[in-house]
Amino acid sequence: MSRRALRTFYNLLALSLSGLATAIGLFFLAAILWTLIKNGIGGMSLRVFTEMTPPPGSAGGLLNAIYGSVVMTLIGILIGGPVGMLAGTYLAEYGRTSRLATVIRFVNDVLLSAPSIIIGLFVYELLVIRMGHFSAIAGAVALAIIAIPVTVRTTEDMLYLVPQGLKDASTAMGAYPWRTITSVIYPAARSGIVTGLLLAIARISGETAPLLFTALNNQFWSSNLGAPMANLPVVIFQFALSPYPNWQQLAWSGALLITLSILVLSVAARVVVSSLAQGGKR
Amino acid sequence: MSESTEPGQGDPRAPDTTAAAGAVAGAATRQDNGDVGVLRHLKPSGRVHVPASAEAGAGNAASQATVENPVFSCRGVSVFYGPKEALKSVTIDVGRRQVLAMIGPSGCGKSTFLRCLNRMNDTIAGARVTGTILLDGHNIQDPAQDAAQLRARIGMVFQKPNPFPKSIYDNVAYGPRIHGMTRSRAQLDDIVCTSLQRAGLWDEVKDRLTSPGTGLSGGQQQRLCIARTIAVQPEVILMDEPCSALDPVATARIEDLIDELRESYAIVIVTHSMQQAARVSQRTAYFHLGELIEVGETDRVFTNPRHRLTEDYITGRFG
Chain U
558 MSRRALRTFY NLLALSLSGL ATAIGLFFLA AILWTLIKNG IGGMSLRVFT EMTPPPGSAG
618 GLLNAIYGSV VMTLIGILIG GPVGMLAGTY LAEYGRTSRL ATVIRFVNDV LLSAPSIIIG
678 LFVYELLVIR MGHFSAIAGA VALAIIAIPV TVRTTEDMLY LVPQGLKDAS TAMGAYPWRT
738 ITSVIYPAAR SGIVTGLLLA IARISGETAP LLFTALNNQF WSSNLGAPMA NLPVVIFQFA
798 LSPYPNWQQL AWSGALLITL SILVLSVAAR VVVSSLAQGG KR
Chain F
114 MSESTEPGQG DPRAPDTTAA AGAVAGAATR QDNGDVGVLR HLKPSGRVHV PASAEAGAGN
174 AASQATVENP VFSCRGVSVF YGPKEALKSV TIDVGRRQVL AMIGPSGCGK STFLRCLNRM
234 NDTIAGARVT GTILLDGHNI QDPAQDAAQL RARIGMVFQK PNPFPKSIYD NVAYGPRIHG
294 MTRSRAQLDD IVCTSLQRAG LWDEVKDRLT SPGTGLSGGQ QQRLCIARTI AVQPEVILMD
354 EPCSALDPVA TARIEDLIDE LRESYAIVIV THSMQQAARV SQRTAYFHLG ELIEVGETDR
414 VFTNPRHRLT EDYITGRFG
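Each protein sequence line maps, in turn, to chains U and F. Heads up: the first sequence begins at 558 in our numbering, then just goes up one per residue. Heads up: the second sequence begins at 114 in our numbering, then just goes up one per residue.
Chain U extracted, bound-state conformation (with noise of 0.2 angstroms):
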């Protein structure tokens, strides 16, 4: 074979190799949202929306357990966002390659990667044992601890998008770091900061795990925080492991309406990036 040919042959030998890892990856995307929509769809009715879980073999829907879902997940970013973004601003604007930065940036990282099962555990001794109970805010703050790695990466690789030039321009104008920061740096580095919130926001929606040993679940309607509070992963968890049909059913709704979520956070996520930066350069 000539040597031309022996790269051609070994052009397209990797070509398919990586095409052909990039179907399998999507094969196994597309076939679990076939699954979920098949199994899904056909549950998703009005109930599922107004009506609370029910006992196993009579009717109901998914109401409380989207309310606690949202619920806990609002107080999750509003703990966990404005500190991952304050860290990141440490990060990329005080403490830059200072020791300290270094080693908060490796522990970020450790934390961005540790078992969210690790963490439920954690807020189960911190707050559940000493609470003496399940609650809906450590719920909410395991959630939060799971936000705030997300927040502090994207927080700081977006600032860093800022260019020099801008800071300098504040610096030199006689501006304190602060000043610069909340005047010049976050509006220009809006968009990127907003996603990252957002994708947190996606991040620790479906987590499942930590919400197990934090606010466990709720048969009924609850909006007591410091309460056991019901939410959608815990009661797919609950529901699909059940030999009750109605619970089965209501699994596969609840997982197709967590995956939609997610789905549309993402694209809003997209579109305030695409708007925004837009908005900037007109």
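Derived from the structure by calculation, the hints contain no laboratory data. Backbone N, C-alpha and C fix where the C-beta goes; we use that ideal spot for every residue, glycine too. Among the clues, some could well be false.
Covered stretches of chain F (chain U as the covering partner; in silico rule of three or more C-beta atoms under 8 angstroms from a C-beta of chain U) [stated by the list, open to error]:
1) 177-189
2) 194-206
3) 371-383
4) 409-423
Taking beta-carbon pairs under 8 angstroms as the criterion, some of the chain F residues facing chain U (in silico) [said to hold, decoys possible]:
5) 241
6) 269
7) 306
Label pairs and their computed distance ranges (CB to CB) [claimed, not checked]:
8) 563(U) x 386(F): 50 to 58 angstroms
9) 310(F) x 720(U): 37 to 45 angstroms
10) 310(F) x 653(U): 38 to 46 angstroms
We have chain U; now place chain F onto it with these hints.
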């Protein structure tokens, strides 16, 4: 212009600074003999070593580094980036209401020196500045001197136009706002209008003050940056190659503007264009490999350079 090496009257300077100034003046004298090697009188530790002949150099008419009643009075200023000495014991004054041009090949330390004057080197990790820099007789290197307060008195225009991603109005109003200079909206309107007029941009933008500053052309953006700078009424304006990203027409406008601003401000401009230095400045300083080789009246430096390195550079023989 004074030929004296004595700094501005009544400067509360420490005695060792005088010695450092003498040392540099002495070095400058020898430098005129073409012997660059002897200039390395700074030890790696950064401490100024005063040679025995230092006093002999003081008062020598050969040095034109100093002026009477300077805005900035720099003595033995060195800058280190980590162990690397980027600027080697520079002694120079900046006069009032005149333009000082700094020329020299890339990496010669002229921008580094410019950034010393408003302590922008503070923002670079590992950068260290030694020596004395007096602004109106006060040492700006003093740790008690707040860098942000200092920078409010010294404007800076950068190589690349860098308007904030805000409206034209908000760009100019940025400085007055952060320094709390105005009490009413009318007062702020007035400052914005005056600054844009002085920067020669008013007529082009008066109907679209609320549109983003980033939507202007490169030359307009740079004039917007100048308007933003003069809105806080600084004492000095530092310009770091302000025209290198602009076309010749926009460059000519900025140069005219520099000429007008000179009536109110001291201006220090770093430029890669010798023609520009000759056109806009009254004094010119030539830097080479981190050292100040020669400084004097612009006409004199360009027509009758005293140092061979300067001559090589301005005649284009520099390799």
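Hint-by-hint comparison with the structure:
1. 177-189: Violated, because only 0 residues of the region 177-189 of chain F bring their Cβ atoms closer than 8 angstroms to Cβ atoms of chain U.
2. 194-206: violated (count 0)
3. 371-383: Since three or more residues must qualify, the claim that chain U covers the region 371-383 of chain F is violated, with 0 doing so at under 8 angstroms.
4. 409-423: Contact hint for the region 409-423 of chain F vs chain U: violated, 0 residues under 8 angstroms.
5. 241: With Cβ-Cβ at 16 angstroms, over 8 angstroms, it is violated.
6. 269: holds, 4 angstroms
7. 306: violated, 19 angstroms
8. 563(U) x 386(F): 50 to 58 angstroms: For residue 386(F) against residue 563(U), whose Cβ atoms are near 54 angstroms apart, the range 50 to 58 angstroms holds.
9. 310(F) x 720(U): 37 to 45 angstroms: 28 angstroms Cβ-Cβ, so the 37 to 45 angstroms window is violated.
10. 310(F) x 653(U): 38 to 46 angstroms: Because 40 angstroms falls inside the window, the suggested range holds.
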